[in-house]
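J.: Residue-level listing of the chains:
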Amino acid sequence: MASIEWKAIDLLLFLKKFIPKTFYGKIAYFLLLPGIVTVGFLAVGLVYLGSYSIFKFDPYHMVVYTLTSENYVLLLTNPAYLTIFVRTLKISLIASASSIVLGFFYAYFTVRTRSSILQKILLTSLFVPFFTGDVIRVYGWLIVLGKNGFVSYVSKMIWGHGAELIFTETAVVIGLTQVLLPLAVLMIAPAITAIRRDLEFAAMNLGANEFRTLVYVVVPLSKPGLIAAFVTTFTIGVTAFAEPDILGGGRADFAANVVFKFMFNAGAYPQAAAFCILITLVASLVVFVVLKRIGLGTMMYTRTGR
Amino acid sequence: MMTQEKVGRRGYLKYAGAGIVVVAVAGAGAYYATRPAEQTTVTSTIPPKPDRLIVRAWGGGWQDALAEGVSKPFTEKYGIKVEYDNTEDNILQAKMRELIPAGKEPPVDVNWTTTTNAFREAIWGFATPMSEELVPSLTELHDAAKPETMEGIVGWPFVNAYTYTYALAYRTDIVKEPPESWMDIWDSKWSKSIGMYDDGIGFAPDVTTKLGGGSIPDNMEPGWELLRQLKPNISFTGEDPDLTTGLVEGHAPIECTIPTNAIEAQRQGAPVAWTVPKEGVSMQNDALYVSKNLPESRTYWAMKYVDVAMSAEGQTVWCEYLGCPPMNKNATFSRKDDPAFPTTAAHYEKMIIIPYSTRVENEKDWFARFEEIMA
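Each protein sequence line maps, in turn, to chains V and S.
Heads up, the first sequence is in our numbering, so the first residue is 1 and it goes up one at a time.
Heads up, the second sequence is in our numbering, so the first residue is 1 and it goes up one at a time.
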């Protein structure tokens, strides 16, 4: 096995002879290639979307290659679409915040617990949801929150009538939070691991109780993880489809659901493309503002060379 | 010592960005430069048999019905296996929009889809026209099986396979008296109790416009206003499986759905019935067609598949299982006395029928309006 590795290194050294010496300092830049290819594909998709969004819709031919701004005008002036935009952002922010709050405590407990068995159970519980798809998890909530589900059953026992949670925005928030929670934990846990336990002890030695230690020491030092968790959960939340579709039942549609209906029910590619471009811009703007105002999250490590 | 030209990080990223833009523009250019393919020609000589045919079908009971009524006798007769592609019809349409104009082979040989989709796809030239010589069972069909004619639609680019209605289905344990009028469902006692399709199809604007005293497509505002008033009573909107689940789980004890979903709910043990209210119900069709850009042998045998599907024997089993009135005049159908499965002139009087050309022309606006009200 080792000989194969050495042969590979010999081969690389041999190939190095063919690289002009002027390139030696720039080899590292070539490591960016996979990222550039990935972003390139995204860019191609955005160019397609952008071009479709400024063409006209025709009921018989779907797309007529005549330039128009009517798709954007329709989406920006119609109160119904603005409602869907606002709902998408509002529920994504609530679900993102909920998953970060719950995820913070989950991550803290997982990192700080002294019981290795408990730590393993918490880590396993974290990864189990990744083995099932979003749709399966959301269908689980459909059963739990449904008219004859567990929540309704408990509600009937206590208040005498079933809870009307299914097909509401609340149901979407619950389902989305559960889907985003593991991602939030994964983003926050490394940041908490990096906080030395001594700092918490020092704060408590100086008279801070556990709550103040958490608020003034642990949370600020977890900022890189919290920012990363926000960016990840918010952007995934904004593009959610299954949660609003199944748990919202058409009564709490997100942008993605409307794009789907524009595209696949009506064949209105231009409107669908315009909607995609607008939601991409708005979500990017929110992330940009957060990064600009609060910081770069985990990327700070590389910037400061820590 | 050689002077090394400095290319900084920003410079590198600038060049990379420029490269991405070039790739994107080149990709888009290549896409738009793609030329349509020549039309498939079909001869009446018998070409060699393919190993299999691929048929697009809705899954679950829909596919089972097609397998039992059409694919099984087809395989027994010709020895060609049939496989299914369960891609959602509208998603397959999007794929075919990419493949067929580029001259590529589509993923399915026979497309089983809604007539509205088939109508649009025929206009785009996605279908290979069928002849009565290759598909003899076309001569045994009711007039309603033939596609509506308009520019781009001549002869048999597709065939309407059967009819279906959007009836009022309900849970008999919750709705004690069958509603006689659609207006009954506006009663506030049915708050959060109604289910319908997620684009309103079959109910809005078909039924709502009639109830509001308007006309399609010129005077639809009264109907949209009625839908707005019904909104508090709407529990959810969804697709066929959601509507079946809605009846089974009781999420929506009243639904505007095709009876096939209600029959499926019955099969799953739910106490479900359906009715045709006095104002009538929307009636539409599903269709079959043979895709364009197929090799000649597959085109030929795909047409033979359609022939079996439209034969009296095929229609009897297939349509019986689906609960949809067949188009073949010689096929038998057990539910012929139920107006939700129209077979007689008296039944047809209660049908709300909108021409497919009107549907295709206005559907996008109707869907958008439905979405606006539901938002």
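Since the hints were derived computationally from the structure, they do not count as laboratory data.
Built from N, CA and C at the ideal position, the CB exists for glycine as well.
Hints should not be assumed to be uniformly reliable.
Stated by the list, open to error - The calculated label-pair distances, taken between Cβ atoms and stated as ranges, are: (1) V:L102 with S:E98: 37 to 45 Å; (2) V:G133 with S:A273: 49 to 57 Å; (3) V:L42 with S:E98: 41 to 49 Å; (4) S:G60 with V:K90: 34 to 42 Å.
J.: Determine for every hint whether it applies to the structure shown.
T.: Evaluated hints:
Range check, V:L102 to S:E98: about 42 Å between beta-carbon atoms, so the 37 to 45 Å window is met. The hinted window of 49 to 57 Å between V:G133 and S:A273 is violated, with their beta carbons roughly 35 Å apart. Judged by the Cβ atoms, the range 41 to 49 Å given for V:L42 and S:E98 is violated: they are separated by roughly 19 Å. A beta carbon spacing of about 36 Å between S:G60 and V:K90 agrees with the range 34 to 42 Å that was offered as a hint.
Comparing the model with each numbered hint stated earlier shows that hints 2, 3 do not hold.
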